[in-house]
Amino acid sequence: MTKNLGKIVGINGNMVSVETDSQVSLNEVGYILLNEQRLKAEVIRITGKRLELQVFEATSGVSIGNSVEFSGELLTVELGPGLLTQIYDGLQNPLPELAEQCGFFLQRGIYLNALPRNIEWDFTPVLKAGDTVTNGDTLGTVPEGQFKHRVMVPFSYKDSYTIKEIKSSGKYTVDTEIAVLEDEKGNRHSVSMMFTWPVKRAITSYAERLKPGAPMVTKTRIVDTFLPVALGGTYCIPGPFGAGKTVLQQVTSKNAEVDIVIIAACGERAGEVVETLKEFPELIDPQTGKSLMERTIIICNTSSMPVAAREASVYTAVTLAEYYRQMGLNVLLLADSTSRWAQAMREMSGRLEEIPGEEAFPAYLESTIASFYERAGLVRLRSGETGSVTIGGTVSPAGGNFEEPVTQATLKVVGAFHGLSRERSDARKYPAIHPLESWSKYPSVVPVEKVEYARGVLFRGNEVGQMMKVVGEEGTSIEDYLIYLKSDFLDFVYLQQNSFDPIDAAVSVERQNYIFDILLSILGGKFNLNNKADSRNYFNKLRQIFLDYNGAEWQSEDFKKLESELLNMIKDKKSGDLEDAIIFQKV
Amino acid sequence: MRKVYSKIESISGNVISVSAEGVKYNDLAVVTSSHGESLANVIRMNGNSVSLQVFSGGRGVSTGDEVRFLGHPMQVSFSENLLGRIFTGSGKPRDNGPELTENMIDIGGPSVNPAKRIIPRNMIRTGIPMIDIFNSLVESQKLPIFSVSGEPYNELLSRIAMQAEVDMIILGGMGLKYDDYLSFKETLEEGGAMSRTIFFVHTAADPIVECLLVPDMSLAVAEKFALEGKKVLVLLTDMTNFADAMKEIAITMEQVPSNRGYPGDLYSQLASRYEKAVDFEGAGSITILAVTTMPGDDVTHPVPDNTGYITEGQYYLRNGRIEPFGSLSRLKQMVNGDTREDHRPVMDGMIKLYAAYKESQEKKSMGFRMSDWDEKLLKYGALFESEMMDLSVNIPLEEALDNGWRILSDSFTSEETGLRSDLLNKFWPSEKESR
Chain A
1 MTKNLGKIVG INGNMVSVET DSQVSLNEVG YILLNEQRLK AEVIRITGKR
51 LELQVFEATS GVSIGNSVEF SGELLTVELG PGLLTQIYDG LQNPLPELAE
101 QCGFFLQRGI YLNALPRNIE WDFTPVLKAG DTVTNGDTLG TVPEGQFKHR
151 VMVPFSYKDS YTIKEIKSSG KYTVDTEIAV LEDEKGNRHS VSMMFTWPVK
201 RAITSYAERL KPGAPMVTKT RIVDTFLPVA LGGTYCIPGP FGAGKTVLQQ
251 VTSKNAEVDI VIIAACGERA GEVVETLKEF PELIDPQTGK SLMERTIIIC
301 NTSSMPVAAR EASVYTAVTL AEYYRQMGLN VLLLADSTSR WAQAMREMSG
351 RLEEIPGEEA FPAYLESTIA SFYERAGLVR LRSGETGSVT IGGTVSPAGG
401 NFEEPVTQAT LKVVGAFHGL SRERSDARKY PAIHPLESWS KYPSVVPVEK
451 VEYARGVLFR GNEVGQMMKV VGEEGTSIED YLIYLKSDFL DFVYLQQNSF
501 DPIDAAVSVE RQNYIFDILL SILGGKFNLN NKADSRNYFN KLRQIFLDYN
551 GAEWQSEDFK KLESELLNMI KDKKSGDLED AIIFQKV
Chain B
1 MRKVYSKIES ISGNVISVSA EGVKYNDLAV VTSSHGESLA NVIRMNGNSV
51 SLQVFSGGRG VSTGDEVRFL GHPMQVSFSE NLLGRIFTGS GKPRDNGPEL
101 TENMIDIGGP SVNPAKRIIP RNMIRTGIPM IDIFNSLVES QKLPIFSVSG
151 EPYNELLSRI AMQAEVDMII LGGMGLKYDD YLSFKETLEE GGAMSRTIFF
201 VHTAADPIVE CLLVPDMSLA VAEKFALEGK KVLVLLTDMT NFADAMKEIA
251 ITMEQVPSNR GYPGDLYSQL ASRYEKAVDF EGAGSITILA VTTMPGDDVT
301 HPVPDNTGYI TEGQYYLRNG RIEPFGSLSR LKQMVNGDTR EDHRPVMDGM
351 IKLYAAYKES QEKKSMGFRM SDWDEKLLKY GALFESEMMD LSVNIPLEEA
401 LDNGWRILSD SFTSEETGLR SDLLNKFWPS EKESR
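These protein sequence lines map, in sequence, to chains A and B. Counting from 1, one number per residue, gives the positions in the first sequence under the numbering used here. Counting from 1, one number per residue, gives the positions in the second sequence under the numbering used here.
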């Protein structure tokens, strides 16, 4: 087949204009031929014979008249065993291998195999010759770390096929032919353990999409109880700089109860990725007892790496997530930060001289963000199992102002909003998620009526707090003052969590429910407290014990001792329950 | 390829267009006009039309002037001979020394592979207690100094340049007032630090395009020295001028502005400079301290805002002092655990008490009666401000910590400090030591 070629006629930053007589499709990948180097680029606009391409590398040294070779393929990723534990750039180049080859710096124009070709995988067929299959069906399995990795019929095989040959159990590399399929017209197709898929198209080889319901446990109390996220759901974390977005994401990536975590570090600091890179292999996943790295893939396109590849990186990440979902696994994708991705779109839109929308973001910003988050979901596979992709994206709004376009476009499509507030982070209240402004549409791990009661206390406490700023403590009634103290107490011992404390950092659902009942007995209780100083003292003491109690290992001696101390202290002053209280037997 | 073209088709601000063939993107050219020669580099190509930004500006360039392409991108000479020298943004000597042309290296090189980065682990001592104790500077860190016009940020930078324990300093000045440039030079010459310093200075009177080159020149040289094992500290002042220069060129090029006129790629442009900060395993390191003045003292202005998202913390310089509250070094935890056992507790304890002092001060100004405790706090606050926050204090960390204990013991009894008893036993000054 002769290669489709074009010639460069214009260069503007990382966008080149090309003229060609060949047939080219939108989003097709082309390579700029520059001496020995081949620079990857993607077609983003076609006007007659003139094409605009965004180049995934620096364009320094490119000149008018250079040839561009079109690949005939869209931007794709390699799918197959060997993805887990990898660290890729936005175009799925393995960074450690790249470092071995090029040293300290990223050299442009070098593209390595995403999947190692030398590893032999232990293949066990599950189907036999003569069986009929279609896209996404499992031909066999290989063990990959703690998972049974399914070797599937490529998702692009849309028809029905008959297996003509399939390899018996044994060790094969990813590019070895493991099966031959024949379609209805009698054409034979060779299949290996590895295939490619275009990143900007969602994988749809499933029976149906289901409504997300089961919680994705993050072990962060304020999230699981008050602002839950469902498996297959979406959520966003907007916040100004220094409010702790990245720390929150890191904590979630460590503690979330999911099978696989994919971290897309998109246009953020390289230093933060390094912490994850060096820390994860050492950390043990409490659920499996293996290194956390074994369930993790990192897609890393930090702020100084080429901008167009940043745009691709979130798609690369979500495609890998969908691939593992097809194996019946629950995958969590954490994208930090989607604002940088939106900015990459803005830069390119500016170079294309498109008519700008708000803050110069392109008009298609909203629909692009929407279609990205829509790739999350809970699905029922054709085999009857379910798998899910949950997406959590941070947003870095300019000036910390949530009215800006990226935050607003994201809020329209996500199921939960965890807004970080500068006020709370300045007061060192972590996680700095604002409990009243944030919301979630998913069910909590704690029964809803209990959560609503606690939220009511928070809300009223906040009102009293506002009022007190005007009339002072003297002008506040003791009833109101108690509500204020209770809401402050709830904030301190439940909403705030110490991510550096080994016990408090990750709290199981069981424990959340358990301590929430104790908490409710305080929130809904009447107390024998008649003046403000006594009340304040009492709640301060209560708070101190509760904090120690939070730091004690679940059901340990210490835990039980502190619990009885706490319950005694409540009994001491509590005289009954308020009329609206939700009552439990505990106290 | 050394082709000369003598028909300039358009001149708009600092950008000229010429019809040329065989030119490569980002290449350098020499524009010869009646006012002398100037470098220019290619920033856009469309068919045969090549747009260049002229380093010395478009003023005085005529349509008949000569443009000669050099066939390579912007470069800077790199050798030990750079030390002690002063250059302009385009690499020409600003002192009376010879022009350096040996061993030319490209500027704006590729970024470091994240997989090759290491977790920062070494503290850079500056002798300034507000930095060393409270927000330690760490090798390979990138930190801005958020300030407003009129604050002594350049004085602070020269103090750091003189006192910081690094192998060499590269100072990149952008839009510097000529007086500021001279005082930098004088301070470093008097302090004897000139021999370990390289200046790349763009003054406010120089052509704007040269301002854009300063960070890249400084960092390209820093990178080479770091690879040779040197601990380099890069001081940049003022990054807001750099951003404004970018804005000017972008508007001239008719780019769609995004926020307050700044180009849409402001974040990426700033990040590609700041991210040059790195610690090379087995070689040296680059640490970046950059002044960012906040127009109108507004931290949500696009320049400080984007900077805050890129850097690892920030120092706020207000009223001639580094503010203890807004300032933050995100990497301090990596180093302040292994300096001295009392470092972290003293840091936390003193800040908490200083916060309490601020409250008492507020109460006092509102005319409330001062309790004994308030009086103690007021005494403490005054001592803290004069002996810790004053930027002219230059003492090693250990001495500064000892001073901290003395200030505490002068103001409070040991149990009032809220510090752990084992530390109090070890460090609390005995009766006669305290004043």
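If you are wondering where the hints come from, they were derived from the structure by calculation, not from laboratory data. Computed from a predicted model, the values in this text were never measured in an experiment. Any given hint might turn out to be false.
[Claimed, not checked] Here are the simulated DSS-like pairs of lysine-lysine, each with C-alpha atoms no more than 30 Å apart in a straight line:
#1 A:LYS574 with A:LYS560
#2 A:LYS185 with A:LYS128
#3 B:LYS224 with B:LYS185
#4 A:LYS211 with A:LYS171
#5 A:LYS429 with A:LYS441
#6 A:LYS429 with B:LYS363
#7 B:LYS247 with A:LYS469
#8 A:LYS200 with A:LYS49
#9 A:LYS469 with B:LYS7
#10 B:LYS376 with A:LYS429
#11 A:LYS526 with A:LYS541
#12 B:LYS376 with A:LYS469
#13 A:LYS7 with B:LYS363
#14 A:LYS167 with A:LYS185
#15 B:LYS364 with B:LYS426
#16 A:LYS429 with B:LYS7
#17 A:LYS429 with B:LYS358
#18 B:LYS92 with A:LYS429
#19 B:LYS363 with A:LYS469
#20 A:LYS278 with A:LYS429
#21 A:LYS532 with B:LYS3
#22 B:LYS224 with A:LYS469
#23 A:LYS541 with B:LYS177
#24 A:LYS532 with A:LYS571
#25 A:LYS541 with B:LYS3
#26 A:LYS541 with B:LYS224
#27 B:LYS379 with A:LYS469
#28 B:LYS364 with A:LYS532
#29 A:LYS278 with B:LYS224
#30 B:LYS376 with A:LYS541
#31 B:LYS3 with A:LYS7
#32 A:LYS526 with A:LYS574
#33 B:LYS376 with A:LYS532
#34 B:LYS185 with B:LYS364
#35 B:LYS364 with B:LYS247
#36 A:LYS541 with A:LYS574
#37 B:LYS247 with A:LYS532
#38 A:LYS185 with A:LYS158
#39 A:LYS532 with B:LYS7
#40 B:LYS363 with A:LYS278
Hints, one by one, checked against the model:
Simply put, LYS574 (chain A) and LYS560 (chain A) have alpha-carbon atoms about 21 Å apart, close enough for the 30 Å limit, and the pair holds. Between LYS185 (chain A) and LYS128 (chain A) the alpha-carbon distance is near 21 Å, which keeps this suggested pair within the 30 Å criterion. Proximity of LYS224 (chain B) to LYS185 (chain B) is assessed by CA-CA distance (about 24 Å); at most 30 Å being required, the pair is judged to hold. At most 30 Å may separate the alpha-carbon atoms for a hinted pair to count; LYS211 (chain A) and LYS171 (chain A) exceed this at roughly 39 Å.
For the proposed pair LYS429 (chain A) and LYS441 (chain A), the alpha carbon gap of about 24 Å is at most 30 Å, so the pair holds. Proposed proximity of LYS429 (chain A) and LYS363 (chain B) is supported: the alpha carbons are some 25 Å apart, at most 30 Å. Annotation: proposed proximity of LYS247 (chain B) to LYS469 (chain A) is violated, straight-line Cα distance about 43 Å (limit 30 Å). A distance of roughly 24 Å separates the Cα atoms of LYS200 (chain A) and LYS49 (chain A); the hinted pair therefore holds under the 30 Å criterion.
For the given pair, LYS469 (chain A) sits about 71 Å from LYS7 (chain B) by alpha-carbon distance, which is inconsistent with the 30 Å threshold. Under the criterion of a C-alpha separation no larger than 30 Å, the hint pairing LYS376 (chain B) with LYS429 (chain A) is consistent with the structure, at around 28 Å. Taken as a hint, the LYS526 (chain A) and LYS541 (chain A) pair is honoured in the structure, with Cα atoms around 17 Å apart against an allowance of 30 Å. Proximity of LYS376 (chain B) to LYS469 (chain A) is assessed by CA-CA distance (about 27 Å); at most 30 Å being required, the pair is judged to hold.
For the hint linking LYS7 (chain A) to LYS363 (chain B), the alpha-carbon distance of about 74 Å lies beyond 30 Å, and the restraint is violated. Annotation: proposed proximity of LYS167 (chain A) to LYS185 (chain A) holds, straight-line Cα distance about 23 Å (limit 30 Å). A hinted pair counts as satisfied when its Cα atoms are at most 30 Å apart, and LYS364 (chain B) with LYS426 (chain B) does not qualify at roughly 35 Å. Distance check on the hinted pair: LYS429 (chain A) and LYS7 (chain B) sit about 64 Å apart at the alpha-carbon level, beyond 30 Å; violated.
A C-alpha spacing of about 20 Å is found between LYS429 (chain A) and LYS358 (chain B), which places the hinted pair at or below 30 Å, so the restraint holds. Restraint check for LYS92 (chain B) and LYS429 (chain A): not satisfied, since their Cα atoms lie roughly 52 Å apart, outside the 30 Å limit. With a C-alpha separation of about 15 Å, the suggested pair LYS363 (chain B) and LYS469 (chain A) falls inside the 30 Å cut-off, and the hint holds. Using a Cα cut-off of 30 Å, the hinted pair LYS278 (chain A) and LYS429 (chain A) holds, with the two alpha carbons roughly 27 Å apart.
Taking the CA atoms of LYS532 (chain A) and LYS3 (chain B), the gap is about 86 Å. The hint is violated against a cut of 30 Å. Taking the CA atoms of LYS224 (chain B) and LYS469 (chain A), the gap is near 57 Å; set against the 30 Å cutoff, the hint is violated. A distance of roughly 58 Å separates the Cα atoms of LYS541 (chain A) and LYS177 (chain B); the hinted pair therefore is violated under the 30 Å criterion. Simply put, LYS532 (chain A) and LYS571 (chain A) have alpha-carbon atoms about 19 Å apart, close enough for the 30 Å limit, and the pair holds.
Only pairs whose Cα atoms come within 30 Å are accepted, and LYS541 (chain A) paired with LYS3 (chain B) is rejected, the gap being roughly 82 Å. In summary, the hint linking LYS541 (chain A) to LYS224 (chain B) is not supported, as the alpha carbons are separated by about 58 Å, beyond the 30 Å threshold. For the suggested pair LYS379 (chain B) and LYS469 (chain A), the alpha carbons sit about 29 Å apart, so the restraint of at most 30 Å is met. Among the hinted pairs, LYS364 (chain B) with LYS532 (chain A) is consistent with the structure: their alpha-carbon atoms are about 24 Å apart, no more than 30 Å.
As the CA atoms of LYS278 (chain A) and LYS224 (chain B) are separated by approximately 26 Å, the hinted pair is consistent with the 30 Å bound. This hinted pair checks out: LYS376 (chain B) and LYS541 (chain A) have alpha carbons roughly 26 Å apart, not beyond 30 Å. Under the criterion of a C-alpha separation no larger than 30 Å, the hint pairing LYS3 (chain B) with LYS7 (chain A) is consistent with the structure, at around 22 Å. Proposed proximity of LYS526 (chain A) and LYS574 (chain A) is supported: the alpha carbons are some 6 Å apart, at most 30 Å.
Simply put, LYS376 (chain B) and LYS532 (chain A) have alpha-carbon atoms about 26 Å apart, close enough for the 30 Å limit, and the pair holds. Pair hint LYS185 (chain B) plus LYS364 (chain B) does not hold up; C-alpha atoms about 44 Å apart against a cutoff of 30 Å. Pair hint LYS364 (chain B) plus LYS247 (chain B) does not hold up; C-alpha atoms about 47 Å apart against a cutoff of 30 Å. With a C-alpha separation of about 15 Å, the suggested pair LYS541 (chain A) and LYS574 (chain A) falls inside the 30 Å cut-off, and the hint holds.
At most 30 Å may separate the alpha-carbon atoms for a hinted pair to count; LYS247 (chain B) and LYS532 (chain A) exceed this at roughly 57 Å. Proposed proximity of LYS185 (chain A) and LYS158 (chain A) is supported: the alpha carbons are some 13 Å apart, at most 30 Å. In summary, the hint linking LYS532 (chain A) to LYS7 (chain B) is not supported, as the alpha carbons are separated by about 85 Å, beyond the 30 Å threshold. Only pairs whose Cα atoms come within 30 Å are accepted, and LYS363 (chain B) paired with LYS278 (chain A) is rejected, the gap being roughly 48 Å.
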